[in-house]
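Single-letter residue listing:
Number of protein chains: 2
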Amino acid sequence: MRTTDLDTPALLCDLDVLDANLSLMADRCRSLDIALRPHTKSHKIPEIAHLQIAHGAKGITCQKLGEAEAMAAGGLDDIFIAYNIVGSAKTERLARLAKSRKIRVAVDSAVTAEGISAAAVELGASVEIIVELDTGSHRCGVQSPADAAELAKRIVALPGLQFMGVMTYPSRETARPFIDETVDALSASGIECKVISGGGTGSEATSKALGCTETRSGSYVWEGGTRVGQTSDLSPERCPVRLLCTVVSTSVPGQAVLDAGKKALTAMSDSPFGLIIEQPAAKIRGMSVEHGHVDISECPAEIHVGDRLSVIPKHGGMTTNLHDTMYGVRGETVETIWKVAGRGKSQ
Amino acid sequence: MRTTDLDTPALLCDLDVLDANLSLMADRCRSLDIALRPHTKSHKIPEIAHLQIAHGAKGITCQKLGEAEAMAAGGLDDIFIAYNIVGSAKTERLARLAKSRKIRVAVDSAVTAEGISAAAVELGASVEIIVELDTGSHRCGVQSPADAAELAKRIVALPGLQFMGVMTYPSRETARPFIDETVDALSASGIECKVISGGGTGSEATSKALGCTETRSGSYVWEGGTRVGQTSDLSPERCPVRLLCTVVSTSVPGQAVLDAGKKALTAMSDSPFGLIIEQPAAKIRGMSVEHGHVDISECPAEIHVGDRLSVIPKHGGMTTNLHDTMYGVRGETVETIWKVAGRGKSQ
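Keeping their order, the protein sequence lines are chains X and S. Under the numbering used here, the first residue of the first sequence is numbered 1, with each subsequent residue one higher. Under the numbering used here, the first residue of the second sequence is numbered 1001, with each subsequent residue one higher.
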C-alpha cells in the first residue's frame, strides 16, 4: 500500500524518524544509567509501546486505567498508571488487571489508597503503590516529606498493596530537598523506597541527578512543539507525525484551505498551527472546526485544489488522540496500520 | 440505569434541556417562515438528528462526507454537505451515497464541481450542487457575484449535477448585496436559484431578511459558550451537555483535581473551562491533558476525593467529538445510550 492510496485527513507516522527517536532516548537513558519507563499517553498505540520495550524500556507508563487496559490487551506488562484511581468501578477494574499483570499506580491520599486496597483484597490481587509528591507543579501530590512518610506508613499497613516508592513530575532541580527528605523520612520509619520515578522528555539528566531510578519520558516519540517549544523547531527529521491533508479551496486570494481543522489537528496551539513539510513558507494561520486556513502569500510555489500536503502538528499527542488509525510509513510505502487503541479511553 | 451507575468521565445529555432547545429553534424558524436544516456537526448523533426532523427540520447538514455517511447509515436522508468534496476517493463515495439518498454538496471551484460530475456520471448518480459565496468570512467561497454566476453556468453544463442555489456562512446583514447581485446574475443567465442557505445559530432572522430559504443552525442543540459568549452565561437550564467527573485529588490547598482534562473536555477555550453545576463557585482554572485543575478557594462547600461533579463545557461540539458515547439522561435516569457515530469521521 502507498500513501497515495490513503484518503485525507490521514494520520501518518514516519517510521525512520520514529526509530531514530526511540534509539536516541534509549541510548540517552543507558548512558545516564537510568531506567526508561516511557509514558505511552503520547501515542496510545500498543505496537509502539512494544517497540519501546524492544529498545530496552523497562515497563511502560499510562495516564488512565482505560489506557492501561488497552496496553495490556495489546500484550504489554509491567504498567505504571501515574494517576489517582478513584471509585469502586475503577478500583475493581484495576485489581482485576493486577491479577494477570504487574500493575503499579500513583496515589496522593489515604482514601485513594484505601479504595485500591479494598478492591485488591476483594479480588485477591496485589497492586504496587507509588506516592506522588508535589514538588512544585501544584497539580496532584502530597505537600511535604512528612505527609509522604505518613501516607507511605498507611499504605504499608493496608492489605493488598505493596509500597514501592515515590514520583515527581516534571523532574526539576528544585525537587531535590523534597525527595531527599522524603527518602530519609521513609528510611527513619523503616520503609524502603525502591523506586523514585521522574518524568518529562528532556529532563532525564535532571531525573538522574535527583536520584531517580527511572524516567517516564513520553513525548520524545513525537518530539513536537511541546518539547521543542517553537514551530520553527518542528522538523521532518525529528517529528514523525504528519497529518496528510488535501487542499479543498483556493478561492480567497493568498489563501489555501486544508480539509483538517480543530477536530483533526487539535485546537491546542497558536498560529502557525504546525509545519507544512512540502511548503514550509505556507503558514497555517487559522483553524475552523473542520478547515485549516493557510496563508500562502509568502509561498513561492503555486498551490491548487486537490494538492496533498503533510502537516507536522505542534502537539503529536493531542492530534493522535483525535484519530482511530495511524499509518506507519517509510517513504511512500505504508508498512503498517495501527489502531490508536488508547484513544478515548479516558475512564 | 441511573447516572450513579456510570463511571467517569462520562458525557451526558440532559434530555429535558435538549427537548426545550429543539422546540425553541423549531418554533423560531416556523415563526420566521424559514426552513431549518440543522447542522449535525455539533452532535454527530443520528438519533438527535431524527429528533430534529421530528421537530420539523427539513433535512440535515453535515460538514464532512464521513459524517454524512454515518447519518445515512443511521437512517437520515436529504443531507447537505456544506463542504468542498475533493479527490476521486471521496467523489466516488459521494456519488455512491447519492444513489440511495438525496445528497447536496457545496462547491466553490469548477475543478471541484468537475470531479463530482465525473464520479456521478461514472456511477449513474445525481448530486445537487450549492455554490458557496464568500460574503466576508474569507474561508471558502467564490469572491464575487460574477464568479458565482460563471461557476453556476459551468455546473449547469456538467452532467450528473443539479444546480440548486447558493450558501453563505455565517449570515450577516452585509451579505445582502452579494446575494442579491448573485441571484440577479443567475436570473440573467436563465438559471433559477431555488435555494439560498444561511447559517449560524442566532442568525435565523438575519438569514430570513437576506432572503435565505433555509438556515443551517447547529450549535443551538448545546447552546454552549460559542453561542452565549461568556462562561457566566452557561446555565444548566440552557446547556444540556454535562461531563460527569470525579474529584481525584485535593492535596493542593484550595484546589480540587478532576479526572478530565484537554482530552476529555477539549483544549479549546479559556479559563474558566466550563461551569460546575453542583459548585458554581468552584472554577476550572487550569487544564492538563488528563487533569482539570479546579480553584475551590471561593467555594463555600467542602469538596472531597471521590465527589462527582457535572461540568458544562464551553464548546459542546468539540467536547462531544472526543467521546464515543453520550448518555441521554432525565434527572438521574439514563434513558438512552447514543453512539457518537460521526466522531472521528473527518474524511
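If you are wondering where the hints come from, they were derived from the structure by calculation, not from laboratory data. From the three backbone atoms N, C-alpha and C, an ideal C-beta is built for every residue, glycine too. Incorrect hints may have been included.
To be verified - Footprint (simulated), chain X over chain S, 3 or more residues, beta carbon under 8 angstroms:
| id | segment |
| --- | --- |
| 1 | 1006-1017 |
| 2 | 1104-1114 |
| 3 | 1309-1323 |
Said to hold, decoys possible - Once the Cα atoms are required to be at most 35 angstroms apart in a straight line, the calculated DSBU-like pairs of lysine-lysine come out as:
| id | chain 1 | residue 1 | chain 2 | residue 2 |
| --- | --- | --- | --- | --- |
| 4 | X | 339 | S | 1153 |
| 5 | S | 1339 | S | 1099 |
| 6 | S | 1102 | S | 1058 |
| 7 | X | 102 | S | 1339 |
| 8 | X | 208 | X | 58 |
| 9 | X | 339 | X | 58 |
| 10 | S | 1102 | X | 339 |
| 11 | X | 102 | X | 153 |
| 12 | S | 1194 | X | 339 |
| 13 | X | 99 | S | 1339 |
| 14 | X | 339 | X | 153 |
Hints, one by one, checked against the model:
{"no.": "1", "hint": "1006-1017", "in the structure": "holds (count 4)"}
{"no.": "2", "hint": "1104-1114", "in the structure": "holds (count 4)"}
{"no.": "3", "hint": "1309-1323", "in the structure": "holds (count 5)"}
{"no.": "4", "hint": "X:339 x S:1153", "in the structure": "violated (45 angstroms)"}
{"no.": "5", "hint": "S:1339 x S:1099", "in the structure": "holds (26 angstroms)"}
{"no.": "6", "hint": "S:1102 x S:1058", "in the structure": "holds (12 angstroms)"}
{"no.": "7", "hint": "X:102 x S:1339", "in the structure": "holds (33 angstroms)"}
{"no.": "8", "hint": "X:208 x X:58", "in the structure": "holds (16 angstroms)"}
{"no.": "9", "hint": "X:339 x X:58", "in the structure": "holds (23 angstroms)"}
{"no.": "10", "hint": "S:1102 x X:339", "in the structure": "holds (33 angstroms)"}
{"no.": "11", "hint": "X:102 x X:153", "in the structure": "holds (22 angstroms)"}
{"no.": "12", "hint": "S:1194 x X:339", "in the structure": "violated (45 angstroms)"}
{"no.": "13", "hint": "X:99 x S:1339", "in the structure": "holds (31 angstroms)"}
{"no.": "14", "hint": "X:339 x X:153", "in the structure": "violated (42 angstroms)"}
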